[in-house]
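A.B. asks: As given, the protein sequences belong to chains A and B, one line each in that order. Mapping the first sequence onto the working numbering, position 333 (from 1) lands on 333, and the numbers just tick up by one. Mapping the second sequence onto the working numbering, position 104 (from 1) lands on 104, and the numbers just tick up by one.
Source of the hints: derived by calculation from the structure; they are not laboratory data. The beta-carbon is built from N, C-alpha and C at its ideal position, and this holds for glycine as well. Some clues are possibly wrong.
[Stated by the list, open to error] Calculated lysine to any residue pairs in the SDA-like style (CA-CA distance at most 25 Å, straight line):
no.	chain 1	residue 1	chain 2	residue 2
1	B	Lys338	A	Pro277
2	B	Lys282	A	Lys143
3	A	Lys143	A	Arg104
4	B	Lys81	B	Thr301
5	B	Lys313	B	Pro300
6	B	Lys167	A	Asp128
7	B	Lys143	B	Gln115
8	B	Lys25	B	Asp197
9	B	Lys143	B	Phe173
10	B	Lys282	A	Gln343
11	A	Lys188	A	Glu16
12	B	Lys167	A	Arg282
13	A	Lys215	B	Glu285
14	B	Lys282	A	Asp128
15	B	Lys158	A	Val287
16	B	Lys290	A	Lys312
17	A	Lys215	B	Pro277
18	B	Lys262	A	Asp230
19	A	Lys215	B	Lys262
20	B	Lys81	B	Gln69
21	B	Lys338	B	His263
22	B	Lys290	A	Arg104
23	B	Lys282	A	Glu190
24	B	Lys262	A	Arg282
25	A	Lys215	B	Thr284
26	B	Lys158	A	Ile288
27	A	Lys74	A	Asp128
28	B	Lys290	A	Ser232
[Unchecked claim] Some but not every residue of chain B turned toward chain A, in silico, with C-beta under 7 Å:
no.	residue
29	Glu30
30	Ser60
31	Met77
32	Ala80
33	Ile82
34	Ala209
35	Asp241
36	Val257
37	Arg258
38	Leu272
39	Thr288
40	Ile289
If you want the building blocks of each chain, they are given just below.
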Amino acid sequence: MAHSAENVSGARPAGEPLLRVENLVKHFPITQGILFKKKVGAVKAVDGVSFELHRGETLGIVGESGCGKSTLAKLLMRLETPTAGRAMLKGKDIFKVSGSELRRMRRNIQMVMQDPYTSLNPRMTVGDIIGEPYEIHTEVAPKGDRQRRVQELLELVGLNPEHINRYPHQFSGGQRQRIGIARALALKPEIIVCDEPVSALDVSIQAQVINLLEKLQGELDLSYIFIAHDLSVVRHISDRVGVMYLGKMVEVGTDAEIYERPTHPYTQALLSAVPVPDPDARTHRDVIRLVGDVPSPANPPSGCRFRTRCWKAQERCSVEEPLLIRRGVDPHPSACHFAELRQVVG
Amino acid sequence: MTDIHVSSSSSPVVGGGGRHLLEVKDLYVEFHTRDGVARVINGVSYHLDPGETLAVLGESGSGKSVTAQAIMGILDMPPAKIPGGQILYKGENLLAMPEEKRRQVRGKEISMIFQDALSALNPVFPVGWQISETLRTRAGMSKKEALNRAVELMDLVKIPAARARVKDYPHQFSGGMRQRVMIAMALAMDPKVLIADEPTTALDVTVQAQIMDLLGDLRRDLNMGLILITHDLGVVADVADRIAVMYAGRIVEHADVRNVYKHPAHPYTEGLLDSIPRLDSKGTELATIKGLPPNLMRPPTGCAFHPRCKYAKSVCTTETPLSLDLGHGRTSACHFAKEMLDGTLR
Chain A
1 MAHSAENVSG ARPAGEPLLR VENLVKHFPI TQGILFKKKV GAVKAVDGVS
51 FELHRGETLG IVGESGCGKS TLAKLLMRLE TPTAGRAMLK GKDIFKVSGS
101 ELRRMRRNIQ MVMQDPYTSL NPRMTVGDII GEPYEIHTEV APKGDRQRRV
151 QELLELVGLN PEHINRYPHQ FSGGQRQRIG IARALALKPE IIVCDEPVSA
201 LDVSIQAQVI NLLEKLQGEL DLSYIFIAHD LSVVRHISDR VGVMYLGKMV
251 EVGTDAEIYE RPTHPYTQAL LSAVPVPDPD ARTHRDVIRL VGDVPSPANP
301 PSGCRFRTRC WKAQERCSVE EPLLIRRGVD PHPSACHFAE LRQVVG
Chain B
1 MTDIHVSSSS SPVVGGGGRH LLEVKDLYVE FHTRDGVARV INGVSYHLDP
51 GETLAVLGES GSGKSVTAQA IMGILDMPPA KIPGGQILYK GENLLAMPEE
101 KRRQVRGKEI SMIFQDALSA LNPVFPVGWQ ISETLRTRAG MSKKEALNRA
151 VELMDLVKIP AARARVKDYP HQFSGGMRQR VMIAMALAMD PKVLIADEPT
201 TALDVTVQAQ IMDLLGDLRR DLNMGLILIT HDLGVVADVA DRIAVMYAGR
251 IVEHADVRNV YKHPAHPYTE GLLDSIPRLD SKGTELATIK GLPPNLMRPP
301 TGCAFHPRCK YAKSVCTTET PLSLDLGHGR TSACHFAKEM LDGTLR
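Make a model of the complete structure from these sequences and hints.
C.D. replies: See the structure below:
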């Protein structure tokens with residue numbers, strides 16, 4: 001009825017999605033001049049991204065730096081205003097609501113930040129950090145009840161509830177990330193946007209936090225948008241995965257579709273570049289080496305944005321922008337004119 | 001150009017029974033701080049031969065970078081202090097050398113590249129000037145000669161259009177290209193040993209793959225010894241010949257890379273390998289190493305890993321395990337290394 005987003009969502013569970021993002025665009029203006037700022041161009045950080053998120057599902061978003069994945073997270077948190085597009089949360093456009101309705105909406109989408117060292121105020125106790133959302137959303141927890149709630153949250157994320165009066169510096173990186181998760185859970189959201197939640201952590205601690213996120217998802221029926229550049233972590237936690245390049249979604253599918261049957265050349269190159277923790281794989285790995293760097297999002301290539309680094313690029317790629325649609329070779333959508341299956345990881 | 005002031009013989013150094021190119025012997029480093037003494041390196045020994053890659057693997061605080069800084073002689077002393085040990089380069093102890101003589105080794109014989117290329121480069125000088133700086137001051141080249149050599153070096157590290165870009169500033173380069181500039185700088189004096197401290201941690205996977213390829217090619221072509229310091233088990237499996245795993249300032253396991261990945265002989269190595277998400281770990285809880293790395297001001301008694309070890313027995317809490325020789329150049333600092341290998345411990 002509303003939009004034809006059906007063909008861009010990949011294989012998915014049936015039913016109405018919790019969140020439906022349609023053609024989301026964010027351009028940051030580049031200006032010149034001091035007094036009379038003249039717009040001379042735009043950084044096309046997010047340029048037409050559509051996806052759906054279902055209840056209890058994890059959607060992984062992967063891509064390299066500058067592909068727009070963090071801007072996407074900020075848009076969904078309404079920390080940035082989109083240039084165009086909409087995001088329907090339970091039938092309501094999150095970019096159209098305001099006032100008390102906006103406040104209620106914000107409770108539903110919370111975020112876990114990347115760096116547990118800078119995302120917690122060093123002068124606040126853990127209790128104040130986790131309880132701060134209740135100051136704004138007073139209806140969630142009445143004043144007398146807050147301490148108990150915060151202690152419950154600490155326990156839920158595997159921290160000692162007695163440490164409620166400690167400061168962030170008294171915790172390790174992994175524990176701080178747990179505090180960040182507890183803060184995100186305070187308002188009982190349905191969706192949590194995790195922006196690189198484990199990339200600042202050591203390997204042995206990473207696994208603990210991933211396990212916690214999965215446990216919480218099971219217990220609280222949460223939906224995650226899991227943004228990361230570590231492809232093996234994303235595969236482990238995600239039900240579906242979207243691959244982004246220069247502000248566009250180039251391929252979407254279930255984790256098996258993306259990792260075992262990728263059809264977009266960028267996905268294939270990305271997967272093949274991931275070092276495999278197995279020395280024997282060195283010799284018989286199919287490695288695709290991309291040349292050059294990601295072009296500037298202020299001046300993306302015409303047609304297909306990946307064509308400047310693609311080994312398959314032809315005349316057509318520079319003229320016609322490939323749409324994210326199903327391409328015959330496999331039932332999941334891929335934004336490549338010449339999509340074909342190529343297995344790159346065993 | 002690479003004539004040696006520090007060595008009496010110029011015969012190539014052979015591995016195995018002979019003398020090694022670089023040998024760290026029973027090194028101790030401690031930091032004297034207001035809160036007490038932190039013993040960050042506790043008897044580290046490793047060696048490196050020409051043309052080989054030694055990976056030093058460990059989490060933050062394990063002492064992997066401090067060891068490298070001790071080799072380079074760039075530790076801040078005080079607060080750091082080296083109470084014991086030797087660092088032999090071609091048989092001569094660097095730690096016993098007068099500073100003047102040591103300067104001849106630093107950068108010329110042993111060179112280093114750092115993790116964050118943007119902060120390691122000077123933003124107000126063109127890259128060519130920075131690459132050629134050591135050539136002017138140490139090799140006595142004229143400005144013009146040095147700049148020509150800088151272009152050659154930039155070609156060597158595969159920076160496209162080197163001649164045109166030699167006068168560009170660091171901010172005009174992408175992350176991967178900046179890291180190439182760093183490598184070119186490190187190679188300026190034809191070093192025999194290159195220490196790469198997390199060279200690709202700040203880079204995207206596709207760029208990481210390019211840089212690791214480059215380092216591998218250079219090592220082979222120039223017959224350098226490469227010490228790769230990293231926390232990434234995937235990168236290690238891809239490029240290393242031998243691997244030294246560090247924990248709390250000790251090398252807990254040292255072996256040929258294949259052996260380590262197939263049959264870890266130390267519970268910490270095993271824990272690390274188990275905590276990476278793999279294809280078959282989907283939908284299951286990841287194995288974790290419980291707890292946190294130790295505080296080096298107050299290290300645990302006995303084996304430093306025992307509070308986190310799933311096999312810990314009473315002997316582990318009282319006796320510090322010695323490095324146990326398991327044959328084929330393989331060592332493990334675990335009381336139960338043999339049992340781990342023959343599988344009777346699990």
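A.B. asks: Next step is simple, just say for each hint if it's right about the structure.
C.D. replies: Here is how each hint holds up against the structure:
no. : hint                     : verdict
1   : Lys338(B) with Pro277(A) : holds (24 Å)
2   : Lys282(B) with Lys143(A) : violated (42 Å)
3   : Lys143(A) with Arg104(A) : holds (18 Å)
4   : Lys81(B) with Thr301(B)  : holds (22 Å)
5   : Lys313(B) with Pro300(B) : holds (14 Å)
6   : Lys167(B) with Asp128(A) : violated (52 Å)
7   : Lys143(B) with Gln115(B) : violated (29 Å)
8   : Lys25(B) with Asp197(B)  : holds (20 Å)
9   : Lys143(B) with Phe173(B) : holds (23 Å)
10  : Lys282(B) with Gln343(A) : holds (19 Å)
11  : Lys188(A) with Glu16(A)  : holds (21 Å)
12  : Lys167(B) with Arg282(A) : violated (38 Å)
13  : Lys215(A) with Glu285(B) : holds (9 Å)
14  : Lys282(B) with Asp128(A) : violated (36 Å)
15  : Lys158(B) with Val287(A) : holds (19 Å)
16  : Lys290(B) with Lys312(A) : violated (47 Å)
17  : Lys215(A) with Pro277(B) : holds (16 Å)
18  : Lys262(B) with Asp230(A) : holds (23 Å)
19  : Lys215(A) with Lys262(B) : violated (30 Å)
20  : Lys81(B) with Gln69(B)   : holds (12 Å)
21  : Lys338(B) with His263(B) : holds (11 Å)
22  : Lys290(B) with Arg104(A) : violated (38 Å)
23  : Lys282(B) with Glu190(A) : holds (23 Å)
24  : Lys262(B) with Arg282(A) : holds (14 Å)
25  : Lys215(A) with Thr284(B) : holds (11 Å)
26  : Lys158(B) with Ile288(A) : holds (18 Å)
27  : Lys74(A) with Asp128(A)  : holds (24 Å)
28  : Lys290(B) with Ser232(A) : holds (21 Å)
29  : Glu30                    : violated (22 Å)
30  : Ser60                    : holds (6 Å)
31  : Met77                    : violated (27 Å)
32  : Ala80                    : violated (23 Å)
33  : Ile82                    : violated (26 Å)
34  : Ala209                   : holds (4 Å)
35  : Asp241                   : violated (10 Å)
36  : Val257                   : holds (5 Å)
37  : Arg258                   : holds (5 Å)
38  : Leu272                   : holds (6 Å)
39  : Thr288                   : holds (4 Å)
40  : Ile289                   : holds (4 Å)
Checked against the numbered hints above, the structure breaks hints 2, 6, 7, 12, 14, 16, 19, 22, 29, 31, 32, 33, 35 and satisfies the rest.
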